[in-house]
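Participant: What follows is each chain in one-letter form.
2 protein chains.
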Amino acid sequence: MKYFVTGGAGFIGSNMVDRILARGDEVVAYDNFSTGRREFLEQASQNSSFTLVEGDTLDREKLAYAMQGCDFVFHFAANADVRMGCEHPKKDLEQNTIATFYVLEAMRKNKISRIGFSSTGSVYGEAEVVPTPEQAPFPVQTSLYGASKLACEGLLGAYAEGFGYTVYIFRFVSILGERYTHGHVFDFYKKLKENPKSLHILGNGKQRKSYLYVQDCLDAVFTVIEQAKEKVNIYNLGTDEYCEVNDSASWIAQRMGLEPEFTYAGGDRGWVGDNPLIYLDTGKVRSLGWKPKYGIRDGVLKTVDFLENNEWVFEVRR
Amino acid sequence: MKYFVTGGAGFIGSNMVDRILARGDEVVAYDNFSTGRREFLEQASQNSSFTLVEGDTLDREKLAYAMQGCDFVFHFAANADVRMGCEHPKKDLEQNTIATFYVLEAMRKNKISRIGFSSTGSVYGEAEVVPTPEQAPFPVQTSLYGASKLACEGLLGAYAEGFGYTVYIFRFVSILGERYTHGHVFDFYKKLKENPKSLHILGNGKQRKSYLYVQDCLDAVFTVIEQAKEKVNIYNLGTDEYCEVNDSASWIAQRMGLEPEFTYAGGDRGWVGDNPLIYLDTGKVRSLGWKPKYGIRDGVLKTVDFLENNEWVFEVRR
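Chains as they are written, first to last, in this note's numbering: chain A, 1 to 318; chain B, 1 to 318.
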């Protein structure tokens, strides 16, 4: 079995690469290194079953060429900059929607028909039903990021119907753990290193979020791929708990041995389109026998430990 | 009040142009004439409140320039070739998703914040709940057309949240009436003119569809715009009835004074991604006081009458 992983040098992608190699399979990592890091693939690079191709998902030709001979695609490359959508609305369209179209077309060219896709709980917008199940009422989008991921899901569904693909759509909560380089734990850690006495929090700190540890996430992904039997398989992935941003900030500070004062930007959300509560009903994936080994607090602490041991991730690259 | 209508020379668009002029407002019709017809704008052209701009929605600069001074955008231009999505998957992405992004960006440039958008009942995929309400369970897409319209809806929602737009999303059933030049009535009429003795029907003829007469549709659009008060206003538009393709074929033949034999391609759907039943719950728009004046049979007969009086629409253009 040979896998193709877009965003293979990224947080979730590089962990997936290592997981695939640990399973004894082959893998091609495809990444443009806009946010991915070569360091995350150091271990993989020692393995003869690993191939790295530096390329952009918007480079159709290279993408299709690199995919040759693969059996399964994990499409994880994306603009994950949820908060800044309104600053550059084109980014989500291009790097998520259009790039996913190119991935699906490259698969068609290479006669590959199975794909696992990293969607997001953001597609539920401001969910009316919480915890939110996969069959929630048809949502209204509230962010360009969520809208672009929904557009990708739609493309996957249409390719499943039109071209016989089997698709696995994973609606993630935020993922935490080793190689995490983007999001609130990263931001809080960085701010606290700069100023250990005070931490400024977007919103009122009461936004509730759910998180999942990356290895639990990968366990869930393979559980679904091995057991789900539909053309279009859609699964929420998350923990059955949530925390407030305040909780998370306290855990981070505590792990760093700090006692900062919290200050707040105010309002019930961190940014335009931010959802005060993303909390998914994970009954569907649990019904396949999966459950997370780690809770949210574990995930936050593991992430802090990773950042403490890898402060090079904060260095600005040129 | 000055309106901007993309697809302004098309079936629904040109009827909207006439309606706007009849209301005493100004209108700019924007059309690339790929399927729109200059003949549909002959009457409008006599009116000093009417402006025609020939342009493509993918031509960002021209689009933004043409939109100057307008207050409200009706975005009706689209690839409406639902059936052929798999022959050219890029068409729906470009002409629907990306074009809609350009329309939204052109509005931003011109500080226009209100838009009415022609979505489709196809976004419900193979609906589990029938008649299907706006709040149906989160659907799986089954066609590239539906997926692209869903992507557009997502963009509209995100722009409403992120940029303060007010958006009106209309999920149409198929529309019938004067200037109809695309769809089963057109195809059946054309086939029966070529061979009055026999009519070949895709699928088994038992696919059930709902249709709405174009003037009823426009009544509903203005009812919603005048009364709905949300940032994102989503309304199904349709009649509270459906017919089988067989019924419709019989009405068409009868109106043409023919008694053809029906033959069938077989299967429970007309094409890949076709939904055997699109039938929308229109309780939401009815609650605003709107109801259709014409039933499906009326709409079919009016369409046949239009085609009989305008056979030039069948001429192949160069």
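Just so you know, the hints here were simulated from the structure itself, not pulled from any lab data. Treat the hints loosely; a few may be bogus.
As the list claims (entries may be wrong) - If you want the ones that stay clear, here's a sample from chain B, every Cβ over 10 Å from chain A, calculated:
#1 Asn32
#2 Ser49
#3 Lys90
#4 Ile98
#5 Arg114
#6 Pro131
#7 Thr142
#8 Ser143
#9 Ala147
#10 Thr166
#11 Asn195
#12 Arg208
#13 Thr223
#14 Glu241
#15 Asp268
Said to hold, decoys possible - Within a straight-line C-alpha distance of at most 27 Å, the following computed BS3-like cross-link-like pairs (lysine-lysine) qualify:
#16 Lys91(A) - Lys91(B)
#17 Lys302(B) - Lys229(B)
#18 Lys91(B) - Lys62(B)
#19 Lys229(B) - Lys231(A)
#20 Lys191(B) - Lys302(B)
#21 Lys206(B) - Lys111(B)
#22 Lys231(A) - Lys191(B)
#23 Lys302(A) - Lys229(A)
#24 Lys90(B) - Lys91(A)
#25 Lys231(B) - Lys91(A)
#26 Lys293(B) - Lys90(A)
#27 Lys90(A) - Lys193(B)
#28 Lys229(A) - Lys284(A)
#29 Lys190(A) - Lys302(A)
#30 Lys284(B) - Lys90(A)
#31 Lys231(A) - Lys302(B)
#32 Lys302(A) - Lys2(A)
#33 Lys231(B) - Lys90(A)
For each residue, glycine too, the CB sits at the ideal point set by N, CA and C.
Participant: Could you work out which of the previously given hints the structure breaks and list their numbers from low to high?
Facilitator: Numbers 3, 4, 7, 8, 9, 17, 19, 21, 22, 23, 26, 27, 30, 31 and 32 - these are the hints that the structure violates, sorted from lowest upward.
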